[in-house]
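Novice: Could you build all of it, start to finish, from the sequences and the hints given here?
Per my numbering, the sequence shown starts with residue 395, numbered consecutively.
Worth flagging that the hints you see were computed from the coordinates, not collected in a lab.
Label-pair restraints from in silico Cβ distances:
#1 Asp500 with Ala410: 27 to 37 Å
#2 Asn477 with Ala437: 18 to 28 Å
#3 Arg434 with Val455: 12 to 22 Å
#4 Ala515 with Thr443: 11 to 21 Å
#5 Thr443 with Thr519: 13 to 23 Å
#6 Glu409 with Asp501: 31 to 41 Å
#7 Arg525 with Pro471: 37 to 47 Å
#8 Glu409 with Ser474: 29 to 39 Å
#9 Gly447 with Thr519: 16 to 26 Å
#10 His475 with Ala523: 27 to 37 Å
#11 Pro405 with Leu498: 32 to 42 Å
Glycine included, C-beta positions come from ideal geometry on N, C-alpha and C.
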Amino acid sequence: MASIRREIVTPAAPEAVWDAIRDVGALHTRLVPGFVVDTRLEAGARVVTFGNGMVVREPIVAIDEEARRVVWSAETPAFSHYNGAVQVFAEPSGSRVAWTADFLPDDAAATVAPMIEQGMAVMKTTLDALR
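Specialist: Here it is as structure tokens:
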């Protein structure tokens with residue numbers, strides 16, 4: 395199973411960062427605008443439309459208030475398994491955000507890694523504006 399983890403650091407307060415991340419139906423407005431262009435909530439899931447036109451249904455596995463962590467899976471023919479998580483950590487000068495993705499097939503890493511990196515760059519810009 396392939397695993398990718400990327401992190402960003404932002405001067406935004408952990409509470410503000412968590413408030414944006416935990417709002418699972420507002421990716422396109424509060425967290426990664428442009429990278430995600432639409433998010434629609436369904437029972438227990440969100441349907442995400444990415445800027446590249448890809449649409450993925452993502453069941454929400456957990457929203458852990460104490461750990462400031464959101465976990466989701468992805469239902470798409472591109473993966474036989476996908477588990478994603480974003481977690482917020484307090485830092486002395488703001489917050490650190492970690493995005494982890496575990497998935498099969500392994501060779502999907504060539505597609506997943508650049509998408510996560512692009513998403514994290516947009517996320518950093520968006521979160522930096524919260525301070």
